[in-house]
Amino acid sequence: MSAQLIINVHIVKNDLQTGKWQKTMELIYLRIENTTYFLIPLLCKILHDNFPGLYMTNAIILMYVSWATTILAVVLMCFIPSAKKSILAIVTVIINAIVTSIPAIQALGGATSDFSFYAGTFLGDVPIRIDGLSAWFILIINFTSVTGIIYGTGYLKAYKNTASKLSLHWVLFILFHLSMVWVTLLQNGFAFLIAWEIMSLTSMLLVIFDGHNTKTLQAGINYFVQMHISIVFLTIGFLWVYLETGSFGFDAFQTFFASNNNLWLFIIFFVGFGLKAGFIPLHSWLPLAHPAAPSHVSGVMSGVIVKLGIYGLIRVISYVQSDFILLGEIIISISILTGLYGILNAAIHRDFKKMLAYCTIENIGIIGIGIGLGMIGLGSNSPLLYYLGFGGALLHVLNHSLFKSMLFFAAGSVYQQTHTRDMERLGGLIKNMPQTAIIFLIGAIAIAGIPPFNGFVSEFVIYSGLIEGLKSDNINLISLLILSFAGLSLIGGLSILTFTKSFGTLFLGNQRETLPHQPHEVSRIMLFPQYLIIAVMLSIAFVPQWYLAIVGNLLSGMALVSHPIAEGFEVSSLAVYSKTLSHISLYSLLFIAVIGLFWMIRHYSQKSKSIIVGNTWGCAYVAPNNRMQYTGKSYSKPLGKMFSFMLIEKKRYPEIMAGEIFPQPRKYSSHYLDFIEHYLIDNAIRLLLTIVNYFKFIQNGRVQSYVMYGIVFILTIFILTLLNLVK
Amino acid sequence: MLSFILILIAGAFFTGIIIRTKSVASGRKGPGILQPINDVVRLFKKGAVYSGTTSFIFQMAPTIYFSSVVMAMMLIPFGQSKGLISFNGDFVFFAYVLALGKFFSIISAMDTGSSFEGMGASRESLYSLLAEPAFFILMGSFALLTGYTSFQEMFAALHLGSYISYAIAILATFVLVMIAMIENSRMPIDDPKTHLELTMIHEVMILDNSGFDLGLILSAGYLKFALYGAIIVNLFIGMVPYPYAIPLFFVIQFLLAIIIGLIESFIARFRMSHNPQFIFALTSVSLLIFFGVLLVLGKFI
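Chains as they are written, first to last, in our numbering: chain A, 1 to 727; chain B, 1 to 301.
These aren't lab readings, by the way, just hints derived from the structure by calculation.
Mixed in with the good hints, there may be bad ones.
Said to hold, decoys possible - Below 25 Å or equal to it, Euclidean Cα-Cα: the simulated DSS-like pairs (lysine-lysine) are:
hint : chain 1 : residue 1 : chain 2 : residue 2
1    : A       : K633      : A       : K650
2    : A       : K609      : B       : K46
3    : A       : K471      : B       : K299
4    : B       : K46       : A       : K607
5    : A       : K607      : B       : K45
6    : A       : K633      : A       : K431
7    : A       : K609      : B       : K45
Claimed, not checked - Chain A side only, calculated, beta carbon under 7 Å to chain B, not exhaustive:
hint : residue
8    : F456
9    : L497
10   : L508
11   : G509
12   : A575
13   : V594
Please read these numbers as outputs of a predicted model, since none were measured by experiment.
Heads up, the beta-carbon is just placed ideally off N, CA and C, and yes, glycines get one too.
With the sequences and hints as input, model every part of the structure.
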C-alpha cells in the first residue's frame, strides 16, 4: 500500500505539465485519509482483520512492554559500567518510543484505542484513550525524546567519571519521557495529575543536573514552585468538575460544560496549562529553566513539555460547549501579546539559550493564535476556520518541536565547545564548527517562518485562517483579526531580527575573545539527531499536504466526538488548502531552482575572473581589531530603545566624580530585566512576603510549640464536635 | 508572464529615470537613462575581492537576495492576467520570499565582521520589520474589501467607484511607495547619494561586495522598485484591456520614478532616530485604509 502511494507521488509530478494535476492530488488526499500510512498500521490492519481479539488487546500489551522495559532498565542502570549506561538509556527510550508510537500511528489512521487498567482501590479503573490528538502529541514526544537522548549521550560525554550522577540522569530521562507519554494517554483527572506531577518532578531534577551551581538550583526551584502553582489550578479544576458531576473522568467535562458556565472553569484550566505552556504573564519560569538545564533537556523541554500545556488546553477545549467566540477572542489577544513579548525579549538577550527560551514563548503565542482561531471557527460555525485554526496550531506544535529542539541542540554544541552562553564573547564559529553553523542557520530560517522550510507551512495555514476569519460579519472580530494579522507579521519581522543577530554574532565575523580551548566541530553522535530533525523538517516543507491531511483527519475526529455544533464539519473543506500547500511546496522547490540557476551563472561567470582575498574594508582605518566588530547588543539596541517602556535595561557603572582628575579604569555593565517578572511577579511576591512575615511567630523552630499546635488542633476538633458544629 | 517581462523592462529604466530627475532638479544634465544598467553590466564583467573574514554565507547571499526578488516578481499579476505564480494567500508568500533575501543580505553584512556593515544590518532589519505590519494590514484590508485572497483576484476586483475607494487607492499608493523607499533604503529613510560610510543602511551593508555579486545586488534593487511600481499599477488598471493597460503601466512607472526623484531632490534625510516613528506611522495609514474599507462595506453602523 505504501508502494502505491509513492507511485502516485510520481504521477503528480509528471502530470504537472499536462494539467491533470488536480485530480491526482485529490486521489492522494483521499488515499491518505482512508488508509493508514506506514507499514506498522498495515500490520495492525491485518491483525485486526484476522485476529480481532488480539488486536483489541495489543495496545494494552504494548503498554505492559513499555513498563517492563522501563523497570528493567532502571534496575540494570545501577549495575552496568558507566560507559554503557548511555547506550542502555538510548535503547530503553527507543523501545518505549516504538511501543507507544504503534497505537499512536493506528489512532492517526482512525483506529482509536480505548481501554482501561486497574490502578488500585482508590483510582479504580483508569480509562485510557489514544485518539488522534493524543497520538499527534505522542509521536512528537517520542521523536523529540529519541533525538534528545541520542544528542544527550554525546553532550554528557565529559561527565563519564561521575557514574552515579549519570545513572540518575538517564533514569530520570527515561521516566520523564514515559510520564509525558502518559500525560497524553490518561482520561482520568486524578491519574492525569499524577502523571503530570511525575513529569514536572523528573524534568525539574533533570534541569538541576549542574546542581552545584547556585544559579541552576535557583532556576530549578523557581520551576518547581511554578509547576506546583500550575498543579494547584489543575487540581481545583478537576475537583470542581468532580463536585459537580461526581466523576474524575474526562468525559465528565462534557456534562459539566453542558450545564454550567464555560468561562470560569476554562480560565482555571487556562492558567494551569498556560503556566506550562508559557503564555504571558505565566511565562517567567521558561527563561530561567531553559538556560540552566543541559541542552538536550532544554531541547526536549522546549520542544515538548511546553507543548503539553497546549495539549491540555486543546483537550479541555474539545469539551467546551459554549462561549466559543468570547474564549477565542481572549486566547487570540493573549497569544498576540505573548508572541510579541516573547520575541521582543528574545531579540535583546545576549545569553543565547535565554534567547531561545524567549523565542519559545513567542511560538506559543503563534500556536495560541491558531487555537483561538479554531475556537472562533467553532463559535461562528465555520468549518474551514476550525480546521485552519486548530490545524495551523497543531502543525506549528510539530514544527516548533522540531526546529526548537534542533536549535537548542546546536546551541548546546556551541556551549560544549566554548563553555559560555554569552554570544558577545563568541563569533566566527562558522569556521570552527561549520556543520553546527549550517544546522543553526537552517533552524533560524525555519523558525522565522521563511520558505523554503517548514516554519512557513504552519504560519501560512494560520495566516490563511486569519484571512478566512475576515469574512465574518462581526466588526469586533474583524478588527481583532486584522490586528492579529499585523501582529503576526511583526512577530515574523522581529524573529528575523532576532535570528540574524544570534546567527551573525555567534557564527559570523571574527572570534571576539580568545577562548581557553579552540572550539571544534562536535562529535557525530551529536550531529546525527540534528540531521534527522532536518530530514523531518524538509519532509514537512515539501509534502505539507500529508501532514495537513493527518491533522485534518484527527480534527474531524475531535469535532465529531465532543462538539454537537460541529456536526457538519467535513474535513473535505480543507482540501483546497491542502492543494494550495502542495503548490507552495512546489514553488519553494522552484525558488531553490532559481537560486541554483543564478548560482550556476555566477559560478561560470566568475570562473575566468580574478578573485582576490583581502581584508574587510575598514573605511580607510588600517588597524581594526576583532573587538571592533558590531556586537549583538548594539545590533538590537535600537529596538531596545524603541520598546524601552517594556524592555527594562539596568546599567551599572560608576560615575566620574567631581574631583576625579585621573579616572581609574572602570567597569560598565548592562542587562535586561523581564518586565512582567520584575514589576508584576516580584512585587506580588514581595507583598506576599510582607504579609506572611507577620505570621512568622508560628514557625518558631521549637518542637514544644509544634506539639502544642497538634494538641490545640485536636482540642478544637473535639470541642467543635461536642457542640455539634462539625459532623 | 506578461507582468514578469514588463517588470524587467521597467526595472531597466526605473533607476535611470530617478537619477535623471535628480540631476535635472539640481540643474545638471545627468547621465543617460541606461547608465545604471551599463554599470551593472560592467560589474558583471569584473573580478571580485573577498574579505578573508567572510565565509560561504557572504558568497551565497547576493545570489539568494537576487533570486528572492525574481521569485517575488513572478507573483505579481498584471490586470486580468495572473502572475507566473498565483494562489490564495500569495501575498503572504510574496512577503516571506522577500524576507529570505533580506535575511541573507543581513547575515552577509555581518559576515564581514565590520562595524559599519553590522550597523547597516541592524538598521535594515529594524526598519524592514517595522514596515511589515503596514503591508499586511493593507493586503488584509484589500482581502476584506474584495473577498479574495490572491494578488490577481484582489486587484481585478478592486472597483474604484465611490470617493472613499479613491481615497483608499491613494492612501494605498502612498503606503506602497513608502514601503518601496524603505525596502530600497532611499530618501527620506536613507540617502544613497552620500559618501558610503555615511550612508547608514543598505549601501553600507554592501561595502564589501564587489564584481558579479555587487551587480546582482544593484540589479535586485532596480527590480525591487519596478516590483512595487507594478503593484501600484495594479491598483489602478483593474480590468482595463491590454492596449491601454500596457502603456498605462509604463506611464505610471515613469511617473513613480519621477516622484521618487523629486522626493529625493527636495526632502532631506531624516535623523536615524526619527525613522522608526515615521515607518510606524505607515501602519497607521494602513489602519486608515482598513477603516475606509469598513466604511465602504458598511460594517460601521
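* Would the hint on V594/A stand, with a C-beta cut-off of 7 Å toward chain B? -> It holds, given that the least Cβ distance between V594/A and chain B is near 5 Å, below 7 Å.
* Asked: Is it true that the CA of K633/A sits at most 25 Å from the CA of K650/A?
  -> Holds. K633/A to K650/A sits at ~13 Å (cutoff 25 Å).
* **Agreement of hint G509/A with chain B interface, Cβ distance less than 7 Å** => holds, 3 Å
* Restraint satisfaction for F456/A [CB to CB of chain B, less than 7 Å] -> holds, 6 Å
* To do: Measure nothing beyond the straight line between the CA atoms of K471/A and K299/B; if it is 25 Å or shorter, mark the hint as holding.
  => holds, 12 Å
* Asked: K609/A and K45/B: Cα distance at most 25 Å?
  -> holds, 8 Å
* **Given hint K607/A paired with K46/B - CA-CA distance at most 25 Å** => holds, 11 Å
* Asked: Quick one, are K609/A and K46/B close enough, alpha carbons at most 25 Å?
  -> holds, 7 Å
* May I ask you to test the interface hint for A575/A with respect to chain B, counting a Cβ-Cβ separation under 7 Å as satisfied? => Hint violated; A575/A Cβ to chain B Cβ min 13 Å, cut 7 Å.
* Mind checking the alpha carbons of K633/A and K431/A for me, to see if they're no more than 25 Å apart? => Measuring from Cα to Cα gives roughly 22 Å; hence the hint holds.
* Under the criterion of a CB-CB separation shorter than 7 Å, is L508/A in contact with chain B as hinted? -> holds, 4 Å
* Restraint status (C-alpha distance of K607/A to K45/B at most 25 Å) -> Between K607/A and K45/B the Cα gap is close to 11 Å, so the pair holds against 25 Å.
Consistency with the previously given hints fails for number 12 only.
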